[in-house]
Amino acid sequence: MQPLANITPLKPAGAIEVRNVGQIFRTTTQDVVALEDVSFDVKPGRFVVLVGPSGCGKSTLLMMMAGLRQQTSGTITISGAPIPEPDPNRVGVVFQEASLFPWLTAEENVEFPLALRRVARNERRAKARDALKLVGLDGFGKRHPHELSGGMKQRVSIARGLVQDPPVLLMDEPFAALDEQTRMTMGDELLRIWAATGKTVVFVTHSLTEAVYLADEVIVMSPRPGRIVDHLQVSLPRPRTYEMLSGDAFGSLRDRIWRHIRKSA
Amino acid sequence: MRGLGVKAARIAIVVALFAIWEILSRTGLVNPRLLPSAFDTLATLGDLLQRASVRKDLAVTATEVVTAFALAVPVGALIGFLIAENRYFADVAKPLLFFAFSIPKSIFLPMFILVFGVGFAQKVGFGFFSTIFIVIMSTTTAVESVKVEHLTVARSYGATPMQTAFRVYLPSMLPVLLEALRISMIFNLTGVILAEMYASRDGIGHQIATWGENFQMKQLLAGVVMIAVIAIAFNELVRWVETRCSHWRT
Amino acid sequence: MTAATLRRLIVIGLIALWEILPRTGFIPELFLPSLSSTLAAGWNEGSEYGHALAVTLYEVAISMAFACGGGILLGAIVGSLPRPRILIMPMVSSLYAVPLVILYPVFTVWLGIGSESKIAFASIYGFLPTMLATAAGIQTIDPQLLLAARSMGATLSQRLVRVIIPAAIPTVLSGLRVGGALVIVGVVVSEMLISSAGIGYLISRYRTILDSPHVFAGVLLVLAMAIAFNAVIKWIERKAAIWQTGSRAGQRAADEITAGAIQPAT
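Residue numbers (my numbering), protein chains in the order written: chain A, 1 to 265; chain B, 1001 to 1250; chain C, 2001 to 2266.
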């Protein structure tokens, strides 16, 4: 019999809870406070963007939510349970630059997390095909990363993050290395994939336009120590269109974020 | 602090190696006739450095090394520069040079004896031959390491060819050239010493080979330590200069 | 005329000159025996050269196993652990500056003039560059790849087998190419210096009796061996790493090794 207090309350899959999270980097000479008292909730299926100037700890926070790093204080739960180590069944991660393995084909890259768990070959292949189809890369599975464009590589990364069907997808500046046009297209593609799968997405960027364009909610952070300075709802209708970028609603949201960032810079 | 710790650890490793050497020999775990103790070897090294004949051998080797180097570097640098500056020439010559560079040079040593006999010219010739290809290759790399953007900037501000040479080419190439100098010297020294060991009447390489043939282990090991120290000292000196002037090269 | 055509013409020209210059007496046959007399010399003493080649190949094979096996193993260990790397790598590259050939007399005193001393010397000769290249190869692995693997829940051994080893292959192969070439050089040079068998021994013996065509035949045989080895490794490199163009860091490290940072000194 377990004492009642130890039973974790049932949370729907895909919910994220960040409570009083702090992170202190200890160097030989001094302690640097990277994050201080960060708290927020993400409801299942929401698209949340973390923005802030470089050094505000947004990527660090994302790494903690992926279980790749442990916070100094506070708690993080994904779907109701803490995440002491990476768990690809709960969280998929897409990294900044194409972190695809250059010696594997696109398909093999997507299969990689399944291969780690010794999933049977046929099942693996079928899931990888589906994931590649979802990101619009049907027929490119046999190519190696160096034969793909920057945008295509990031699509493969997204497919890899989704292949185990985790309820949460974490993205660390996934489009930062892409040119402006590709970036816009990839944003639309991501929204389409998000709408089709209903995942919870936490997306880190330093582009304000990208933040407002993609998000349901934008969390603005300040640097050293990283704190939340604003948490705003983006009530622009979906699907988002290119025309919205020049609208007043879009502009005022972007200005509001920019004022926070300018203040802290 | 940390740098000092690393240095201390490195010195400790060297000392430990000498200690193991000393212990192996002293305790008789290894026959001391085959492995004289470290102290004896170092003492012998001291004696050898007092001897006129050994000093003369060192002088001979040094002259050969310096002569071969002084010939190979300008000639190799000139060829390397011409290759790097002319596109067509580069396309023609580069694969041939790569090939020449990748084949072992030592097996041509007998040819140098057939042509030059046994003497100063043969050692210098072989030292030159061992070094020239690496000099050519390094110079080509050095010229190619000059960034086109920097040249364009210099030109757009109206730099004369002389100014471009001294203000863009030279500073960009310096770190690569120093590295080239270091590696060329390694090749050169190896070439000359091998030539001396193979067939010679004087020089420190010849002396080492003779000690080996006569089973004079103390002298032989002392000679090995001596050459190793000289080579490492030179290498570290150039590396020190390299770090001094490579701060702008990221 | 394209560069490739001119290059071919130059090569053909050089081979032709090799035949013509000695024949017409411009260069004495003692200095440079003509191509035909070199080949004839080699052909006539075919069985002698064959025996010598067998001895040399045997020594090369064993030395290669020692040099490459040890070099890759130690290089992988040193390259993946930061502390030993900072400590040892600079020492190893200092050691690389020492003309190792001076160690050969020590080995002949210890092990005699048979195959053992050659194997010991050639193994040490080939060991350093293989180790340096492997350590460098491990270091150039993109940390992002390891992070990605970890985010997918890869264990330590899975990361080793599925990420570190495949990512290090190109650099390790170019290390092998240099190490292997040095092993061949080491065996032949030590045979040339003091020995009683092998191609290097033949070269030296014919040199002392001033029999140039036979010397050249031996040199040609060693050259062929070195070139063949190089070609085999390059072929494996192409097979094993079609993706190489994609990994710039790995490619750069491989280039550096090929371009002289770690090259067969003589």
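Keep in mind that the hints are not guaranteed to be accurate.
Quick list of the computed label-pair ranges, beta carbon to beta carbon [what the hints assert, rightly or not]: (1) C:2020 <-> B:1091: 25 to 35 Å; (2) B:1085 <-> A:176: 35 to 45 Å; (3) C:2016 <-> B:1095: 15 to 25 Å; (4) B:1030 <-> A:72: 36 to 46 Å; (5) A:177 <-> B:1062: 28 to 38 Å; (6) C:2228 <-> B:1026: 26 to 36 Å; (7) C:2011 <-> B:1012: 28 to 38 Å; (8) C:2234 <-> A:149: 55 to 65 Å; (9) B:1151 <-> C:2012: 33 to 43 Å; (10) A:149 <-> C:2043: 51 to 61 Å; (11) B:1091 <-> A:232: 54 to 64 Å; (12) B:1151 <-> A:149: 25 to 35 Å; (13) C:2040 <-> B:1014: 52 to 62 Å.
Heads up, simulated DSS-like pairs for lysine-lysine below, C-alpha to C-alpha not over 27 Å straight-line [unchecked claim]: (14) C:2234 <-> A:142; (15) B:1094 <-> B:1147; (16) C:2234 <-> B:1056; (17) B:1056 <-> C:2239.
Here are a few chain C residues that sit away from chain B, every Cβ distance over 12 Å (derived from the structure) [stated by the list, open to error]: (18) 2040; (19) 2047; (20) 2049; (21) 2066; (22) 2139; (23) 2142; (24) 2146; (25) 2157; (26) 2197; (27) 2207.
Please keep in mind that the hints were generated in silico from the structure rather than gathered at the bench. Where a beta carbon is used, it is the ideal one built from N, C-alpha and C, also for glycine.
These are the hints, each one checked on the structure:
Range check, residue 2020 of chain C to residue 1091 of chain B: about 27 Å between beta-carbon atoms, so the 25 to 35 Å window is met. At roughly 39 Å, the beta-carbon separation of residue 1085 of chain B and residue 176 of chain A lies within the given 35 to 45 Å, and the hint holds. Between residue 2016 of chain C and residue 1095 of chain B the beta carbons are some 19 Å apart, a value that agrees with the proposed interval 15 to 25 Å. In this structure the hint that residue 1030 of chain B and residue 72 of chain A lie 36 to 46 Å apart at CB is violated, the actual value being about 55 Å.
Checked against the hint of 28 to 38 Å, the pair residue 177 of chain A and residue 1062 of chain B fails, with Cβ atoms roughly 54 Å apart. Take residue 2228 of chain C and residue 1026 of chain B: their Cβ atoms lie about 48 Å apart, and the range 26 to 36 Å is violated. Under the hint 28 to 38 Å, the C-beta atoms of residue 2011 of chain C and residue 1012 of chain B, about 54 Å apart, miss the expected range. Hint check: residue 2234 of chain C to residue 149 of chain A, Cβ distance near 29 Å, so the stated range 55 to 65 Å is violated.
Between residue 1151 of chain B and residue 2012 of chain C the beta carbon distance is about 37 Å. The supplied range of 33 to 43 Å therefore holds. Evaluation of the 51 to 61 Å hint for residue 149 of chain A and residue 2043 of chain C yields a pass: the beta carbon distance comes to about 57 Å. Evaluation of the 54 to 64 Å hint for residue 1091 of chain B and residue 232 of chain A yields a pass: the beta carbon distance comes to about 60 Å. Roughly 31 Å separates the CB atoms of residue 1151 of chain B and residue 149 of chain A, a value that falls within the hinted 25 to 35 Å.
Between residue 2040 of chain C and residue 1014 of chain B the beta carbons are some 54 Å apart, a value that agrees with the proposed interval 52 to 62 Å. Using a Cα cut-off of 27 Å, the hinted pair residue 2234 of chain C and residue 142 of chain A holds, with the two alpha carbons roughly 25 Å apart. Between residue 1094 of chain B and residue 1147 of chain B the alpha-carbon distance is near 20 Å, which keeps this suggested pair within the 27 Å criterion. Straight-line distance between C-alpha atoms of residue 2234 of chain C and residue 1056 of chain B comes to about 46 Å, which puts the hinted pair past the 27 Å bound.
Of the supplied pair hints, the one linking residue 1056 of chain B and residue 2239 of chain C is violated, its CA atoms being roughly 54 Å apart against a limit of 27 Å. No Cβ of chain B comes within 12 Å of the Cβ of residue 2040 of chain C; the nearest lies about 18 Å off, and the non-interface call holds. Every CB of chain B lies more than 12 Å from the CB of residue 2047 of chain C, the least distance being 21 Å, so the non-interface label holds. The claim that residue 2049 of chain C lies off the interface holds: its Cβ sits roughly 14 Å from the closest Cβ of chain B, which is beyond the 12 Å cut-off.
A cut-off of 12 Å between C-beta atoms confirms that residue 2066 of chain C is not in contact with chain B; the least separation is 19 Å. A cut-off of 12 Å between C-beta atoms confirms that residue 2139 of chain C is not in contact with chain B; the least separation is 17 Å. With a minimum CB-CB distance of about 18 Å to chain B, residue 2142 of chain C clears the 12 Å threshold, and the non-interface call stands. The claim that residue 2146 of chain C lies off the interface holds: its Cβ sits roughly 24 Å from the closest Cβ of chain B, which is beyond the 12 Å cut-off.
Here residue 2157 of chain C stays apart from chain B, with its beta-carbon at least about 30 Å from theirs, past the 12 Å limit. Distance check for residue 2197 of chain C against chain B: the nearest CB is about 16 Å away, which clears 12 Å, and the non-interface claim stands. Residue-level check failed: residue 2207 of chain C sits 4 Å from the nearest beta carbon of chain B, not beyond 12 Å.
When the structure is compared with the earlier hints, violations turn up for hints 4, 5, 6, 7, 8, 16, 17 and 27 and for no others.
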